[in-house]
Amino acid sequence: MERPLTEHIHPNRPALNLKEYEAVGGYAALKKVLKDSSPKQVQQAVQDSNLKGRGGAGFNTGMKWSFVPMDNAPRPKYIIANADEMEPGTFKDRLLLEGSPHQLIEGMIIAGYAIQADISYIFLRFAYKDAAKILRKSIQEAYDAGYLGKNIQGSGYSLEMYLHTGVGRYMCGEETALLNALEGKRATPRAKPPFPQVSGLFGKPTIVNNVETFCCVPHIIAKGAEWFKSISKSEDGGTKLYGVSGKVNKPGLWELPMGVTIRELIEEHAGGMKNGLKFKGALPGGASTDFLTEQHLDVKMDFKSVAAAGSRLGTGTMIVLDDATCPVGFVHNLQHFFAQESCGWCTPCREGLPWVEKVLLSLENGEGKKEDLDILHMHTKFLGPGNTFCALAPGAMEPLESALKYFADDFEKHIRDKKCPYHN
Amino acid sequence: MPTIFIDNKPFEVKAGKNLLEACLSLGLDLPYFCWHPALGSVGACRQCAISMFKDENDQKGKLTMACMEGVKDGLRISLTDTTSKAFREQVVEWLMTNHPHDCPVCDEGGSCHLQDMTVMTGHDYRRFSYKKRTYKNQYLGPFIHHEMNRCIQCYRCVRFYKDYAGGKDLDVFAAHNHVYFGREKDGVLESPFSGNLAEVCPTGVFTDETLRQHYTRKWDLTMAPSVCTHCSLGCNITAGERYGELRSITNRYNGDVNGYFLCDRGRFGYEFVNSENRIAKPIIRNRVGEAVDEDTLMTHLKTIFKHGNKFIGIGSPRASVESNYALMDLVGKDNYYNGLSEFENLLAKLVAKTLQSGTVRSASLKDVEKADAVLILGEDVWNTAPMLALSVRQAVLKSAAAEALQQTPLPQWHDAAIRELVQEERGYFANITLAGSALDEIANYKLHSSPDDIARLGYAIAHIIDPGSPAVKNASDELLTKAKEIADALLKAKNPVIISGTGCLNEPLIKAAHNIALALNSGERKAEICYVMHESNTMGLALTQAFGLDKAIERTEREEGLSVVILENDLYRSLPGNVVDRFLSRCKNVVVLDQLNNATTVKAHVLIPSATFAEADGTMVNNEGRAQSFFQVFNPASNYVREAWRWLYAIKDLNAAPGNETFPHPDEILSRVEKDYPMFSGISKVSPAHDFRVNGQRIPREPRRYSGRTAIRANISVSEPRPFQDDDSPLSYTMEGYDGIPPSSLIPFFWSPGWNSIQSVNKYQDEVGGALKGGDPGVRLFEVDKSKPKTYFEHIPYPFTAKPDHLLLLPQFHVFGSGELSIYTKAIEDFAPEPYAALSEPDAEKMGLSDGSILNVKIGEKKIAFPVCVHKAISNGIVLLPAGLTETAGAIWGAWINFSANGHS
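Residue numbers (my numbering), protein chains in the order written: chain W, 422 to 845; chain C, 7 to 911.
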């Protein structure tokens, strides 16, 4: 089984430095691209590989790049790595950042070349201090080796790269809010259209991709689109970093072919549920995805299959709910996070999420009323996609809506018994 | 025009608009908060949600924000479907989770957009049963009151204050449901446009602090359409009164002039009307019991106007066309002097004549906003005409946007996206001033120079653009390089505007500005010019090309025993004290009409109280040449306070043979003005005649909900008096009358069923953000005459050189402090600068002066000590003193003056 992204990451060894990375074939893809390929060819190769964005939305990466104006384009153009990994339950990019920084840098340079970007940024989560340290060092190494800066490897292509550390807002993971934050403005999202590909950072054409997405790129270039598709178990290309957290025996993170089943993830890789506990449900791709339950254990963890089951692959890092944990409390915890991380720009999210949070808390405290469920249902309906300014509130509603559907008994019990059945 | 289907009915709508604009322009009620016609769309509040359908078979539809979706032919939407109705109601319920229920004690109550929208969406019962979030309020200064708990986070305040007006000290802080709109810490809001927050805010977060000092509900105000008197731009205002006191000034939309906004001097500078310094009774000096009744006054006036006394009249740039004309009528044209000092008169007449000649079109504020390049030649518009500065700002933002949109097309209304695309790009704007201005920060080219050198630069620019215009002799390479850079930029524009004015007291400057605009005019390029003048009716005064104060003085020196009538003009402000003293002492009778006591009224033998704009009907002509009417708001407590023209005609008729009285109706005055002075042609059409009625009804000054009518005077008399009858205008002093939309010049207040806030102006426009129905108010008195040959001015000054032992005295204007009347507002007085004398660094050094040391300047015969302020931008040889302060009253601006530095004399 191939693990291209994590092959050279070892828990007990520091990340490869530039020399070591080159020794295992690093930067060969970049050199190849600079020598043999036109930007359009790179875009095509990535599009052919069926690489889908690993940040959660699952849009075809090569296609996204193809929207960037190429001839007589406004300058400078930007390529940005979204390393603001703050989705609850998600810790996959951290591994790549800390474990293989040059893989990301190489992927970004190739992507930069593909869209003829002039400047690149890594927008890094505030709390990833170790990653910041190693990225800073690695970027410098890449500059010193002539992989960054003017006239990279004599190709005539130039790219600058900067590391930008955020101040810890979930909102900055939304690509347009990230752009605002990077410009020094409030991290409120922007309306789309115009899309960042056309008017992005500082109003110029910009591509924002997730860390894991960029990390796939050198391998696609080195081994080809067909190979990339061949290592997947689904129609989405490549491998995926899957994570499992919750009360399982071995919570963790694994690079596996795209499309393993939920059952395989939990039972084989995460070592099954802890003693005495039963699987009740899981958020398959982070806090802002719908619950899947026992009936979905054989669903393949790829974009299409998870969507067909009524949820989203999201980041591919699953949070498992067991039968001894209160789903109401669980969802309340999530809503507390989302309400707090709302940027305050649009009304439904700013005012709706705190209301939801308060209702859930009163249910959990045994103070809920029957009408409270109507209020929750109203929010799941009205905080849907398109009704709010960005995807934060719709994302927040996914676990709530599915919890109301699958764990309706639990909610009603809280109201009927005037207490949380999971707490004595 | 695209056709859209709203609830299955087809409507033709204007292309390029969003659905919210389209719906509002069709007169439909669709609630909104974050959108504003002048600020565009950002999609934050989600209040204007509608359902959009794929085709006629789509029954489900999709919720869409109307403000974020452009109109498209064949588009199908619904405003009445259950989903979008429920969603809009829900948005208000969300907002209400934190909005306090303090309407009864909230200043906004009754004119609150949030109240209106709440009722419109149907939200009533509260389901949110938790604690509301609260904030600390801030002290924001004497103009704006802050009450943050009421905030519904529509972001309009910061979008206006920062994005639109360029303010820096108001922002949004914190996040999620605790975002905060205010300053970094308590303190006075710095922007001179801060008052607009009270109107931009859809609820009671930002309210008018001056109104708060004598609060009245909007529905209890008696209101009339009026025109601002605090500078030459003539912004349209709505003035409101209760209990004989002027309570508030709010914006009166005029799409061609001030649009939706006012400056703080205009909005808050109204307190002079309520001042204790008002002249309430006629006074005959040097007798026991100086304050007299009408009979005594008239008897006395009859005597002094009879006995072969020859009167001259001194007019005023702050008096109406009617009053100045009445004075002319009283004393005779040959004995009328317009009241401007020699130099100001020369410049004002030059501006009037230049615009009248029709060679170049004069720009309205809206025209300035639409300019794709702006050149300011000398005038400090930020201080002399603040709203013009705001228009310049919009021009540079809009022209940059137009440029960016050529490469990346976006809809015009998409404010946030356009700002993002444009970033710090600005359209071409060259700001050339004496000593810098707040506008410099948005100028791509800025220069500080002396008036003569700015004029030379102007001539050089014009010559580069059209070599047929006169060349500057002995121009330095430096001058030519600068001129070339500016000329090249202006030549790229299609609608450049050249702005100048009388503020620099420099004749060649005004001429150079004209030459540039004229040179730029070509088949495909339409250049316009905008001259700032000094007072609200300077243009109306200058148009008659009458003699100024200097000639009046000469006459009294020549001719013994003359008497004088001075109309609303404090001569001590424009002439040195000793000169005025001598002038007045040579006059046998000094009759003064004015509103407030001042240095001149003190010297009056007969003093007659005249009405302010709030107590008068009249017409003024703004800097653009737009004649505009203002209407009486209320009847002052003192029966003696009357329009000056009313007094003047009464005086004229005192000695008329029975049957020969000439006392005219105000409508008649304007017809006579038109007849006598063809340049005023059209002025009688500015607003409908006094007998105008709609369906036989007058236009009421009071809203239908005006309360307490029967009780308001009960402390005086329990029987309710008959409402005062207005014979001068179609307006009535009651709440009864026509409640529809009157002609645009007669709108006493904006109100529409369900729309109690100022946002109801939507209903008065054909298209939201466009002209008022029937056209915006005002009549332009001159237009371009295309048959005119290009005739250039040739008056090119020598390069400016400093003179030994002399300084060129020039005024530095201040938004707060330079206005004669606005200073009566306590807060404005507090913001007025302390006296200072600004000098260049080398000059100060040469004289051994530094910041704070004293420069003695002789104004008239008085030697006044001014603390020195060393200024980096001023040219050598110039001293700037703050205009309009008591200390600088009577200064001869533009003159070379003697001075003495501290210790030396």
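Read the hints as simulated data drawn from the structure, not as lab findings. Take the hints with a grain of salt, since some may be wrong.
Said to hold, decoys possible - Below, in silico cross-link-like pairs of lysine-lysine (DSSO-like), each with a Cα-Cα straight-line distance of 30 Å or less:
hint, chain 1, residue 1, chain 2, residue 2
1, C, Lys20, C, Lys66
2, W, Lys725, C, Lys20
3, C, Lys594, W, Lys613
Claimed, not checked - Some chain W residues flagged as far from chain C (calculated, every beta-carbon gap over 10 Å):
hint, residue
4, Asn471
5, Val720
6, Lys791
7, Met799
Ideal placement from N, C-alpha and C gives every residue a C-beta, glycine not left out.
* To do: Find the hints from earlier in the document that the structure breaks and name them by number, from lowest to highest.
  => 2, 3 and 7
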